[in-house]
Structures are given as C-alpha cells and as structure tokens.
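Spelled out, the chains give:
There are 4 protein chains.
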Amino acid sequence: MTFEYGDAVQQARVRPGMTVGELVDELGKAGAYNGGSLWQAVNIYEQMLRDEEALKFFGLSGAMVPGGMGGIVAELIRRGHIDILVSTGANLTHDVIEAIGCHHYHGTSDLSDAELCEEGVNRIYDIFLPNEAFIRFEEFMQGVFSSLPNGSTVSISELLNRIGSRLDAGILSEAAKAGVPIYCPAIQDSMIGLQYWMFSQTNRVVVSAFEDMHGLLDRCFEAERAGAVFVGGGVPKNYILQSKLMTESGFDYAVQLTGDRPDLGGLSGATLDEARSWGKLTGEARAVTVYGDATINLPMLVAATLERLEG
Amino acid sequence: MTFEYGDAVQQARVRPGMTVGELVDELGKAGAYNGGSLWQAVNIYEQMLRDEEALKFFGLSGAMVPGGMGGIVAELIRRGHIDILVSTGANLTHDVIEAIGCHHYHGTSDLSDAELCEEGVNRIYDIFLPNEAFIRFEEFMQGVFSSLPNGSTVSISELLNRIGSRLDAGILSEAAKAGVPIYCPAIQDSMIGLQYWMFSQTNRVVVSAFEDMHGLLDRCFEAERAGAVFVGGGVPKNYILQSKLMTESGFDYAVQLTGDRPDLGGLSGATLDEARSWGKLTGEARAVTVYGDATINLPMLVAATLERLEG
Amino acid sequence: MTFEYGDAVQQARVRPGMTVGELVDELGKAGAYNGGSLWQAVNIYEQMLRDEEALKFFGLSGAMVPGGMGGIVAELIRRGHIDILVSTGANLTHDVIEAIGCHHYHGTSDLSDAELCEEGVNRIYDIFLPNEAFIRFEEFMQGVFSSLPNGSTVSISELLNRIGSRLDAGILSEAAKAGVPIYCPAIQDSMIGLQYWMFSQTNRVVVSAFEDMHGLLDRCFEAERAGAVFVGGGVPKNYILQSKLMTESGFDYAVQLTGDRPDLGGLSGATLDEARSWGKLTGEARAVTVYGDATINLPMLVAATLERLEG
Amino acid sequence: MTFEYGDAVQQARVRPGMTVGELVDELGKAGAYNGGSLWQAVNIYEQMLRDEEALKFFGLSGAMVPGGMGGIVAELIRRGHIDILVSTGANLTHDVIEAIGCHHYHGTSDLSDAELCEEGVNRIYDIFLPNEAFIRFEEFMQGVFSSLPNGSTVSISELLNRIGSRLDAGILSEAAKAGVPIYCPAIQDSMIGLQYWMFSQTNRVVVSAFEDMHGLLDRCFEAERAGAVFVGGGVPKNYILQSKLMTESGFDYAVQLTGDRPDLGGLSGATLDEARSWGKLTGEARAVTVYGDATINLPMLVAATLERLEG
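Protein chains in written order, with this note's numbering: chain A, 162 to 472; chain B, 162 to 472; chain C, 162 to 472; chain D, 162 to 472.
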C-alpha cells in the first residue's frame with residue numbers, strides 16, 4: 162500500500178491591501194487547523210450558493226445581533242441566499258430593538274455588574290444595552306400583538322412575520338419582505354416571550370408550538386438538495402438537522418461556525434460528522450466545522466464567498 | 162489602605178478511601194481555579210437546599226441522559242430537591258428511551274460515521290444509540306399522543322406530564338410522581354417533536370407554546386427566594402433566568418456547570434455575574450460557575466452536597 | 162458484518178458519603194465524555210503503578226503549585242510513584258516559595274490589576290502572591306547559588322537537586338530525598354532563572370542546557386516499559402514524549418489531563434493518539450486524555466487510584 | 162453619577178472584494194467579543210510598529226510553522242518589525258525542515274495513528290510530516306554542529322544563528338540575515354535537542370542555558386519602550402514577559418493571540434491584565450487578547466496592520 166499525501170503546506174503570505182478572498186486562499190494553501198477549515202467552508206458555501214436546486218438553511222445562535230452580526234444575516238436574506246432561517250428568540254428580540262431605533266453600545270466585560278444593574282445597563286459580555294430599549298420594545302411589541310384577532314390560533318412563524326412586516330430594517334424585516342420563514346421553536350424563551358406573556362394576561366390568542374413543522378417538513382420533502390450554515394449550535398442547529406430525519410436523504414452541504422468543543426458531548430460542539438451517523442447529513446455531504454468566534458469567522462466566510470460569486 | 166488577602170492556599174491532600182465531600186473540602190483549601198469554584202458550588206448548593214423558602218430550579222442542557230447523568234436528576238427530584246425542571250427536548254427523548262427499556266451504549270468517537278449510519282447506529286460523541294430504540298420510541302409516543310382528546314389545546318408541561326405518567330423510571334416519571342412541572346420551551350426541537358408532527362398529520366390537538374408561562378411566573382411571584390442549578394446553558398438557562406425578570410427580585414442562589422467560555426458572547430458561556438446586570442440575579446446573590454465537563458462536575462456537586470446534608 | 166456495542170450506559174448513582182473511588186466507578190458505568198475518560202485514566206494509572214517494570218514519568222505544567230496541587234505531586238514522589246519529574250520553572254519557583262514558609266492566598270479574578278500592582282500583589286487568576294515572598298525567595302536562592310563552585314559546569318537537574326536538598330517540604334525536597342531527578346528544560350524561563358541571572362552578574366558557573374539529556378535517555382533505553390502522567394502540556398509533555406523517540410519503543414501507558422483543545426494544532430491540546438503516529442506511544446499503549454481543569458481531575462485521579470492500590 | 166457608554170454597535174457590513182483592513186474596520190464598528198478585540202489588536206499593533214523607540218518582541222508557540230504561519234513571521238523579520246524573537250524549539254525544527262526543502266502535507270485528523278506510524282507519517286492535527294524529512298534534518302543538523310569548536314561554550318542564540326546562517330529561507334535564515342536574536346530557552350525540548358544529544362555523544366561543546374539572559378536583559382534596560390506580540394503562550398510568552406520584571410517599567414504594547422482560557426490558571430490562557438499585577442505590563446499599557454485560532458487571527462492581524470502602515 163502506498164500512502165497518499167495531500168498538497169504540500171505552503172507558508173501563507175500576506176500583503177497590504179489584499180482582499181478577504183485572497184487571504185482565505187492563503188489560509189487554504191497553508192491548509193492547517195481552523196484556518197484550513199475556513200477555506201474549506203468558503204469552498205462549500207460557494208458551491209452551496211451556486212446550487213440552485215439546494216434549499217438553503219441558516220441557523221442563528223449566540224448573541225450575534227448585539228455583537229453586530231445581524232446585518233450580515235439580513236444581507237444574506239436580501240441577496241436571496243437564505244430560504245429558511247432558524248433563530249433563537251434572543252437574536253430576534255435584539256433585531257427588533259435595533260430596528261425600532263434603539264442601540265447596543267460598546268462596553269467592557271470587567272465592570273461591576275451589580276453597579277451596572279443600578280445604572281439600568283444590561284451587559285452581554287462587552288456590549289451594553291440600556292433599559293430604555295426595553296421600554297420602547299414593550300410598546301412596539303404590545304402594538305404588534307394587539308393586532309392579533311382574539312380567539313385565533315397562529316403559528317410562531319406567522320407571529321414573527323407579523324413583527325417583521327412592521328419593521329423596515331434588520332433580519333425580521335428582510336425576511337418578511339422576501340417571504341423567508343423564520344422558525345423560532347423556543348420563542349417563549351426570549352423577551353418576545355415575556356411580552357407575549359404580558360399580552361396574554363388579558364388576551365386569548367393561542368400560538369401553536371408545532372404548527373410550523375408542517376411547512377418546514379414539506380419544504381424538506383420537496384427539496385432536491387439541501388444545505389445549511391450554522392452560526393453557533395443550540396436549538397437552531399438541532400432543529401435544522403432534525404428536519405431532514407424524516408426525509409430519505411440528509412443535508413448535502415453544511416458549514417458550522419462554533420466556539421464549543423466536541424468532547425463534552427453536547428450538540429453545539431458536536432462535529433458535523435456525528436450528524437452523518439444519524440443520517441442528518443448524507444454520507445457524501447461536503448461539510449466542515451470552523452471552531453472559533455463567529456464575530457470573526459462569519460464576516461470572513463461571507464465576504465470571501467461573495468467575492469467568489471461576484472468577483 | 163491595607164490590602165486584605167483571603168486564606169492561605171493549602172496544598173490539597175488526597176488519601177485512599179476519602180469521601181467525595183472530603184475531596185471537595187480539600188479543593189476548597191487549595192481554593193484555586195475551577196477546583197475552588199466547585200467547592201464554592203457545594204457551599205451554595207448546600208445553603209440553597211437547606212433554605213426551605215427557596216424555589217428550586219434545575220436547568221438541564223447537553224446530552225446528559227445519553228451520558229448517564231439523568232439518574233442523578235431523577236434522584237434529585239425524588240428527594241424533593243427540584244421544584245421546577247427546565248430541559249431540552251433531547252434529554253427528555255433519551256429519558257423516554259431508557260424508561261421504555263432501550264439502552265445507550267459505550268462507543269468511541271473515532272469510527273466512520275458514514276459506516277455507523279449504514280449499521281443503524283446513531284452517535285453522540287462516544288455513546289452509541291441503535292435505531293431500534295426509535296422504533297420502540299415511536300410506538301410508545303404515538304400511544305401517548307393518541308390519548309389526547311382530539312380538538313383540545315394542551316400546554317407543553319401537560320404533554321410531558323402525560324408522558325411521564327406512563328413511565329415508571331427516569332426523569333419524566335419521577336417528575337410526574339412528584340408533581341414537579343417540566344418546562345421544555347423548544348419541545349418541537351426533538352424526536353418528541355418529530356413524533357408529534359407525525360401524530361398531527363391526522364389529528365388535531367393544539368400544543369400552546371406560551372401556556373406554561375403563566376404557571377411558571379406565578380410560582381416566581383409567590384416565591385420568597387429562588388435558586389437554580391444550571392447544567393449547560395441553552396434554552397433552559399435563559400428560560401429560568403428570564404423567569405425572574407418580571408418579579409421585583411432575582412435569583413438568590415445559582416450554580417452553573419458549563420464547558421463553554423464567556424468571551425464568545427453567548428449566554429451558555431456567560432458568567433453568572435452578567436446575569437446580575439440584568440437583575441436576573443440579585444446583587445447579593447451567591448453564585449458561582451464551574452467550567453468543565455458536567456459528567457464529572459455534576460456527580461461531584463451532588464454527592465458532596467448530599468454528604469453535607471445527610472452525613 | 163455485525164456491529165458490536167460496548168456495555169450499556171448505566172445512569173450514574175451518587176450517595177452521601179461515597180468514596181472518590183466509588184464515584185469514579187459510577188462515572189465508568191455512565192461511560193461518557195470526560196467522565197468516562199476519567200474512569201479510564203484511573204484504570205490505566207492503576208495498571209501503570211502496579212507495573213514494577215515500568216519507568217514512571219510525571220509532567221507538570223500550568224500554575225499547579227499556586228493552585229494547591231503541588232502537595233499531591235510531592236506525595237506521589239514520597240510514595241515512590243514518580244521516577245522522573247519534568248516541570249516548568251514556575252512550578253518549581255512556587256514550590257520553593259511555599260517551602261521557605263511564604264504563602265499564596267485566595268483572591269479573586271476581577272480586581273483591578275493596576276491597583277494590585279500598586280499594592281504589591283501578583284495575581285495568578287484567582288490566587289494572590291504578595292511581593293514579600295520574592296524578597297525571601299531571592300535571599301534563599303542566592304544562598305543556594307553561592308554554594309556552587311566558581312568556574313564549574315553543572316546540569317539543570319543538579320542545580321535543582323541542590324535547591325531541594327536545602328528544603329524540607331514540597332516537590333523539590335521530596336525529589337531530593339528520594340533521588341528522583343527533576344528535569345526543567347526551560348529553567349531560565351522562571352524566577353529561578355532571573356535569580357540566576359543576578360548571580361551570574363558576578364559569578365562564573367555554566368549551567369549546561371543539554372547535559373541532562375544523557376541521564377534521561379539512558380533511563381529510557383534501560384526501561385522495560387514506560388508510563389507517563391501529563392498535567393497540562395507545554396515543555397514537560399513534549400520533553401517526556403520525545404525522550405522515547407530514540408528508543409525502539411514508545412510509552413506503554415499515558416494519562417493526560419489538559420484543558421486545551423486539539424483543533425488548534427498545538428501539542429498541549431493534542432490527543433495522545435497523535436503521539437502514536439510519531440512512535441512516542443506504542444501502537445498498543447493504553448492512553449487517555451481527560452479534558453478539563455486539573456485542580457479537579459488530578460485530585461480525583463490520584464485519590465481513586467490510591468484507593469484501588471491500597472483499599 | 163452618569164454612566165457613559167461607548168459608541169453604538171454598528172451592524173458589520175461585508176461586500177465582495179473588500180480588503181482585510183476594511184473587514185477589520187467593520188469588526189471594530191460591531192465592536193463585540195473577539196471580533197472587536199481583533200480590531201483593537203490591529204490598532205495596538207499599528208501604534209507599536211509606528212513607535213520607533215519601542216523594542217519589538219515576538220513570541221511564537223504552537224505548531225505554527227507546520228500550520229503554514231512561519232512565512233508571516235519570516236516576513237515580519239524581513240520588514241524590520243521584530244527585534245527579538247522567542248520561539249519554541251519545535252517551530253525552529255520545522256522551519257529548518259522547510260528551509261532544507263522538505264515539506265509538510267495536508268492530511269486529516271481522523272486516520273488511525275498506529276497505521277500512520279507504520280507508514281512513517283507523523284501527524285500534527287491535520288498536517289502530515291513523513292519520516293524522510295527527519296533523515297535529511299539529521300544530516301543537516303549534524304553538519305552544523307560539527308562546525309562547533311570542540312571544547313567551546315556557546316549560547317543557545319549563537320547556536321541558532323549558526324543554523325540560520327546556513328539556510329536561505331525561513332525564520333532562522335531571515336533572523337540571521339537581519340541580526341535578530343532568536344531565544345529558545347527550551348531548545349533541548351525539540352528535535353534540535355535530540356540531534357544535539359546525538360552529537361554530544363562524541364563531542365564536547367557546552368551550550369549554556371543562561372548565557373542569553375545577559376544580552377536579552379541589556380536590551381530591555383536600554384529600551385525606551387517595549388511591545389510584544391504573543392502567538393500562543395508557553396515558554397515564549399513567559400520568557401518575554403519576565404524579561405521586563407527586572408527593569409523599572411513593563412511592556413507598553415501587547416497583543417496576544419491564544420486559544421486557551423483564563424479560568425484554568427495557566428499562563429498560556431491568562432489575560433494580559435494579569436500581567437499588569439506583576440508589573441510586566443505598565444498600568445497604562447495598551448493590550449488586548451484575541452481568543453481563537455492563530456491560523457486565522459495572525460494573518461488577519463498582520464495583513465490589516467500592514468495595510469494601515471503602507472496603504
């Protein structure tokens with residue numbers, strides 16, 4: 162037997178003024194560790210976006226909107242690169258907050274949190290959000306909810322579409338405009354949920370936990386092929402992956418950006434290979450995980466992929 | 162100004178046959194890093210369990226039941242140490258699987274996942290679950306669902322209680338017996354959810370996404386004090402913490418066991434101090450995070466705390 | 162082909178007053194993730210310590226002495242369970258500090274470091290060390306160095322043995338008493354090194370960087386079998402592993418406790434399997450990595466292993 | 162008291178063909194987590210490189226040369242941006258291997274390491290290095306060593322300079338050409354060390370462990386200001402930081418790229434703030450840590466900084 166090597170490692174070269182796509186190509190020539198994985202991720206994402214038969218999922222976890230990554234997701238929707246978005250409730254909450262004109266602020270991670278609380282400042286690592294935002298958020302949300310016909314039953318995605326339709330910027334707005342469904346299985350687990358609880362003290366509208374699964378699974382059955390980008394893990398990752406458990410074939414393309422680690426057993430850090438054993442990915446699926454912080458790796462992934470598509 | 166030190170570090174001593182509680186006390190004398198934090202966690206958990214006025218939450222994330230940690234949670238319920246459990250859907254799925262007599266198996270993390278798939282074996286890091294389990298799971302779940310009155314609306318916790326009532330071991334069973342509610346905001350995001358989707362192809366029962374929030378928040382308003390143990394982050398952590406946002410005061414005790422890291426911004430790795438800025442913890446709350454693998458730290462926490470309570 | 166599973170996962174059971182060894186056995190029955198790995202580590206370490214033909218290495222990295230873990234290493238030497246110790250210079254520096262009667266103190270990780278500096282307090286995560294300790298350290302070290310014959314050439318291990326011989330507690334002292342050599346390839350990279358620099362301003366003693374390799378490799382060639390425990394990675398891990406590159410066979414037993422991760426490519430987080438490709442471990446070597454904080458995992462490993470040996 | 166916020170978070174925008182510097186500026190506008198830190202790192206590194214009075218250190222740990230990052234270090238030396246390099250022995254070993262015309266190869270992390278060993282392939286995560294390289298390495302190294310005058314005493318940096326002078330590409334070569342000293346305190350802990358052991362079986366040259374400290378500390382005393390970039394932690398980080406312990410002032414600029422975490426207590430994951438308590442950084446020093454994989458963050462840091470300097 163002869164053992165076959167891959168290409169030789171080339172020492173990466175950087176030069177002033179190089180584009181993001183050029184840098185990622187250098188990471189591919191080096192080809193090691195997460196730098197090499199990021200290059201593979203761009204290769205896979207490029208192929209996935211060029212594949213017109215592929216249904217394109219995007220899973221959004223982690224405090225990405227407070228961290229300034231929501232604009233990239235909104236842009237991907239606007240460009241037609243996301244067919245189905247699955248998000249945590251928190252990202253949607255913060256998307257509303259920005260869309261109604263409130264702001265998150267640059268802060269630090271080492272102030273006294275008890276003092277921040279007294280000042281009315283909520284901390285997300287090194288980002289600050291003043292309490293005022295939630296006052297305006299409440300006003301906006303109660304307005305949206307009050308438009309729901311009393312006694313009706315709605316799905317979570319309908320509720321989110323209703324919110325997005327009243328906004329003119331951000332993820333929810335772009336999704337509503339583009340007709341992209343947003344699924345948020347744990348919608349209760351967010352400030353949107355708490356607002357809904359307040360609304361439901363005096364109103365009777367049932368939000369069906371399971372209703373969205375029909376539309377989602379129908380799309381999965383219809384799709385020729387499917388691909389997914391996962392930012393973080395959590396519910397969005399699992400919900401997207403499990404959606405292909407009922408169909409005969411799994412995802413064909415998958416890119417995962419996560420800071421977790423596999424050896425703890427949790428899904429958020431699990432390799433995409435693990436998903437092959439479940440049939441959530443096909444045996445031949447092109448898939449890669451880039452471990453690291455998505456506030457670096459998501460912009461790089463998207464900038465480099467767009468450069469290839471449009472460059 | 163005179164700077165005040167804490168106690169001097171004592172080099173930890175181990176001896177053959179020492180109890181877990183004795184070992185944790187040695188970690189406390191050493192007092193450094195996560196070993197010191199584990200000792201603090203036992204101190205806090207002991208005080209929390211001794212506080213009869215405190216409402217006791219438990220958040221369960223990560224693949225803990227496949228990893229053999231479900232028995233400890235069931236035991237804590239049986240002993241009356243959990244008042245409210247918030248879980249991922251996956252842990253409840255695997256709890257059912259074990260309760261109906263199927264098993265997870267010791268495996269390895271380095272086999273070919275494509276081959277595992279062909280063999281009908283699903284992998285969770287180094288744990289294997291054969292497909293047969295899901296056949297029996299389907300049969301059981303459809304049986305439970307078929308008992309739901311057609312046309313009715315139920316909450317998620319009612320659905321879970323109905324499942325637990327038909328089992329005689331495990332978390333769902335112990336919770337049903339003890340009248341401990343299990344909240345699972347993202348129930349759709351699990352094999353239970355997929356089974357429900359199948360059931361709902363031909364049946365009409367609405368599961369209300371938000372219904373459980375009323376009971377949960379009522380308990381929060383009534384409670385004199387509150388404490389929480391978080392195994393992993395995800396939806397359970399956030400859902401528990403946000404439940405105190407509407408009350409005038411936050412949690413008084415909190416212990417978090419997580420393998421994530423704070424600098425990525427996500428809630429799962431966020432410090433408990435961050436929660437103080439939001440008012441989810443009181444400014445004076447006793448709280449500590451132990452970073453590491455919960456398959457080690459949860460058994461140690463519980464064994465050492467029970468030793469103190471009953472020793 | 163029939164696929165063979167391992168044992169069924171048993172849900173771990175904890176009870177008040179159980180011993181550390183009993184807890185580790187429960188982790189083995191659960192058998193998942195790092196809990197399962199810790200049980201394997203105890204199995205391997207027990208076999209290694211029972212093997213009288215095996216040369217026993219111990220690699221010590223990370224701030225383990227300030228974190229109160231030095232006493233366990235000293236105890237292992239005293240019990241005859243370490244034949245060769247490889248350490249960072251920092252651990253030996255802090256061992257001297259404790260041995261001459263100074264102390265590290267419990268602190269916190271969130272004070273202002275600039276203020277700590279003004280107060281004369283040095284921080285190691287949540288451990289404090291006052292500057293006074295270094296004044297007494299200097300006096301002690303210069304005393305040791307002044308005993309070196311001017312114009313002579315010594316090896317690093319001789320220098321460390323000379324230090325240990327003047328102490329009556331701790332790692333250096335126990336090693337000197339037991340005749341266990343301590344190798345510290347980067348001795349310059351420590352406060353011991355800075356003290357030596359001061360000494361060498363006015364004295365002429367050459368410390369040979371490579372001299373110790375002869376004794377080390379002779380032991381490796383003579384040994385029937387060999388085993389190693391690695392606490393952290395760094396120079397100690399690599400130096401121990403490379404010592405078997407020249408012999409015909411690699412290590413037969415290896416246990417690694419580390420908080421690093423493999424995907425970054427560095428040796429500290431590398432799996433022990435990787436070492437097999439280099440021949441540093443034999444193909445059949447029993448080896449396991451437990452990812453996590455050694456201030457928890459080292460005491461558990463040692464307490465459970467001693468319980469098996471002496472229980 | 163009025164609480165002051167920083168700037169509002171701006172959602173990062175990416176566009177096809179943007180430069181690396183433009184992307185980093187977007188990360189700065191987002192300003193969160195490690196993306197925000199990377200932008201700060203570029204700010205600090207730019208100021209440090211523009212400061213002609215600052216002595217510029219570079220610490221190199223982790224398997225960076227096998228991972229294709231050595232070329233960037235060599236380029237920084239060539240451009241005059243490194244005054245003093247501190248490296249692990251492994252990176253220098255692999256630099257020699259590439260410089261004498263051997264190659265590392267793209268591989269995978271999931272082959273059988275026992276089989277790789279039989280095939281004569283050494284693995285570094287997903288990079289392969291065939292044994293043949295070490296045969297040519299041995300020949301080259303023994304040639305270099307044989308030029309050492311028998312009976313002489315040399316410093317480690319002299320030895321490394323002698324190696325670099327015989328090469329015409331890579332880190333050692335560029336450093337020799339530029340007169341940049343390379344310090345490698347743990348030189349024994351590498352294949353260079355093992356080659357030296359072979360040489361010293363029949364030759365008598367003493368390599369002094371401490372000799373280099375004089376030149377290093379003299380430079381520190383002379384320097385008006387000082388700055389450092391740390392890729393990884395380990396000996397290079399500590400050795401650079403401790404070099405300022407003897408002078409009256411600490412480092413003025415510091416950028417750390419690491420994948421480790423602070424809560425384990427080890428220096429490799431320690432914050433740069435911790436170094437302020439020791440006086441290794443001045444109280445006012447500009448310093449930031451970017452957590453993540455250096456195969457992504459180092460090329461970004463350097464490309465963006467050079468774009469600012471030369472753009």
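The set of hints was computed from the structure by calculation and includes no laboratory data. Where hints are given, some of them may not hold.
If several chains are the same, the list does not tell them apart, and a pair holds so long as it fits within one copy or across any two.
[Stated by the list, open to error] In silico SDA-like pairs for lysine to any residue, Cα to Cα no more than 20 Å straight-line:
1) K190 to T180
2) K190 to H264
3) K190 to S270
4) K190 to G262
These are the hints, each one checked on the structure:
1. Proximity of K190 and T180 under a CA criterion of 20 Å is satisfied in both settings, with 16 Å inside one chain copy and 19 Å between copies.
2. Taking CA atoms no more than 20 Å apart as the test, K190 paired with H264 passes between copies only; the shortest distance there is 13 Å, against 40 Å inside one copy.
3. For a Cα distance limit of 20 Å, the shortest separation of K190 from S270 across copies, 17 Å, qualifies, whereas the shortest one inside one copy, 36 Å, does not.
4. For the homomeric pair K190 and G262, the shortest alpha-carbon distance between copies (17 Å) is at most 20 Å, but the shortest distance inside one copy (44 Å) is not.
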